[in-house]
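Peer 1: Since the structure of chain U is provided, determine the placement of chain E on it from the hints.
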Amino acid sequence: MDKYEYQKIVKENKPKEPKLKNAIVSFLVGGSVCFIGQVIASILQVTFGMEVSESYIWLCIITIFIASLLTALGFFDNFVKKCQCGLIIPTTGFAHSMTSSSLDVRLDGMISGLGMSFFKLAGSVILYGIISAFFFSILGVIIYG
Amino acid sequence: MASKKINGVYIKDNFILVGPKERAIKNFDLIMSDYYYGEKTFEQAEIKMQQVVINSLLNKNRLLHNDINFIIGGDLSNQVSVSSYAASKYNIPFLGVYSACASFCESLIFACELLENKKKERGIVVSSSHNLHAEKQFRFPIEYGAPKAKTSTFTTTASVATLLTNEITPIKIESYTIGKVIDMGISDVSNMGAIMAPAGADTIMRHLNDLNRQPDYYDVILTGDLGIVGSKLLKIYLEKTANIKLKNQIDCGIDIYKDDNENVNSGASGPVVLPLYLFSKILKQKKYKKILIVGTGSLHSPLFVNQKLSIPAISHAVSLEVIS
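Note that the protein sequences, when read in sequence, are chains U and E.
Numbering-wise, our numbering puts 115 at position 115 of the first sequence, and it's gapless, one number per residue.
Numbering-wise, our numbering puts 317 at position 317 of the second sequence, and it's gapless, one number per residue.
In isolation and in its complexed conformation, chain U is listed as follows:
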């Protein structure tokens, strides 16, 4: 049997993932995270009299804190397993990825462990986020002046 024939058989015998169900679950969970975020932002604006942009910064800090705390206490990975990608895409997932990779190496030393592995998963998000922000801001200046 050659490689291509075998790969075809593997493809045919792969158990099917419930893609639609996963997408709906992710949509609902991700959507409700964003909804809660919006509620928190509105509360901050109304009760503390914050500007919109200022309230979003505080919102980020709050969600990152909650997600990191839940990761450290060992709850968040169970939520992620059940909620598919709904919790990984928003800021909560970003904080979770950093906390989880730093928990892995907490006893490997400050430099060789924590320092080197802190951005193991989040590093690419930061790098390409900054690069794309740079180019899009140039585009923005060109188009809108």
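Hints were generated in silico from the structure; no laboratory data involved.
The beta carbon of each residue, even a glycine, is placed where N, CA and C say it ideally should be.
Mixed in with the good hints there might be a few duds.
[As the list claims (entries may be wrong)] Below, simulated BS3-like cross-link-like pairs (lysine-lysine); rule was C-alpha separation at most 30 angstroms, straight line:
id, chain 1, residue 1, chain 2, residue 2
1, E, K240, E, K150
2, E, K172, E, K4
3, E, K118, E, K258
4, E, K4, E, K118
5, U, K81, E, K21
6, U, K8, E, K118
7, U, K16, E, K4
8, U, K82, E, K258
9, U, K81, E, K284
10, U, K82, E, K136
11, U, K82, E, K21
12, U, K19, E, K286
13, E, K150, U, K81
14, E, K5, E, K284
15, U, K14, E, K136
16, E, K148, U, K14
17, U, K11, E, K240
[What the hints assert, rightly or not] Sample of chain U residues lacking proximity to chain E, with all beta carbon distances greater than 12 angstroms (derived):
id, residue
18, V39
19, S53
20, L70
21, A72
Peer 2: Only chain E this time, still in chain U's reference frame:
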């Protein structure tokens, strides 16, 4: 020749330590209450697991370090470091082997070669795996909890030490076949079964060919950790390439988490799956006389997968006979 008949090597005893999730396998000797096992990290816990099984096996059989001629150890860690650190506590010569989940079979083959034609020698074969250590090394950080595909397997937490001797005991090692490394161009890290199935099939085919046997010669053909997906592919592959229909095949990976299969998906994996199932279920049932154990290992290296290479696999077979 890759297949060889062995004379005068017997399995005398074994000692099984299992993790908290593997409780459903009865017939174990010791159980861990948590994944740390009193150590600071999971890696150190695995070292302790190996030392506990070796110590307990020595105590159970009233043996001293001097009575053992060698230890052969295998595990999933980088540089086979768990086995090496575990062996550093003993005044016994040591060999560390790595062929991923086929390590147990590879260790048995080396042990056979070292013990054959000797008179009163003994050797210990130890293998172990730790779920969270393997997750950390091969996949995502432990607390990340990334969603898993249905083809993925769950690394078993356990450690098994096996005592081999020249004395006659009920379990005889009859022959073995060394496998070839087979790469079918699959690079899906969450589908280990599909990677390992062709290697397993090839070794079974060559074993039967070399020794001129039919599949029914064996009461059971025990594959290591192919899982649900891999077992199905193994049967298809054997039927298409050699026209062999396997009826007496059991996969250890499917059976281990029968009762508690949350997050398990396709089945159990790890070098310890095969000895764990062999000693706690198959040999305890006393139903099977001729057993072929086929360890299958995917030689997965995250480095080469990142460099876009496909994953090769290996498989070794060892034939056991139960004399009663």
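Peer 1: Now tell me, hint by hint, if it's right for this structure.
Peer 2: Here is what the structure says about each hint:
no.: 1; hint: E/K240 <-> E/K150; in the structure: 25 angstroms, holds
no.: 2; hint: E/K172 <-> E/K4; in the structure: 14 angstroms, holds
no.: 3; hint: E/K118 <-> E/K258; in the structure: 41 angstroms, violated
no.: 4; hint: E/K4 <-> E/K118; in the structure: 17 angstroms, holds
no.: 5; hint: U/K81 <-> E/K21; in the structure: 18 angstroms, holds
no.: 6; hint: U/K8 <-> E/K118; in the structure: 49 angstroms, violated
no.: 7; hint: U/K16 <-> E/K4; in the structure: 42 angstroms, violated
no.: 8; hint: U/K82 <-> E/K258; in the structure: 21 angstroms, holds
no.: 9; hint: U/K81 <-> E/K284; in the structure: 36 angstroms, violated
no.: 10; hint: U/K82 <-> E/K136; in the structure: 20 angstroms, holds
no.: 11; hint: U/K82 <-> E/K21; in the structure: 19 angstroms, holds
no.: 12; hint: U/K19 <-> E/K286; in the structure: 45 angstroms, violated
no.: 13; hint: E/K150 <-> U/K81; in the structure: 13 angstroms, holds
no.: 14; hint: E/K5 <-> E/K284; in the structure: 25 angstroms, holds
no.: 15; hint: U/K14 <-> E/K136; in the structure: 26 angstroms, holds
no.: 16; hint: E/K148 <-> U/K14; in the structure: 14 angstroms, holds
no.: 17; hint: U/K11 <-> E/K240; in the structure: 16 angstroms, holds
no.: 18; hint: V39; in the structure: 26 angstroms, holds
no.: 19; hint: S53; in the structure: 31 angstroms, holds
no.: 20; hint: L70; in the structure: 10 angstroms, violated
no.: 21; hint: A72; in the structure: 8 angstroms, violated
Hint violations for this structure: numbers 3, 6, 7, 9, 12, 20, 21, all remaining hints satisfied.
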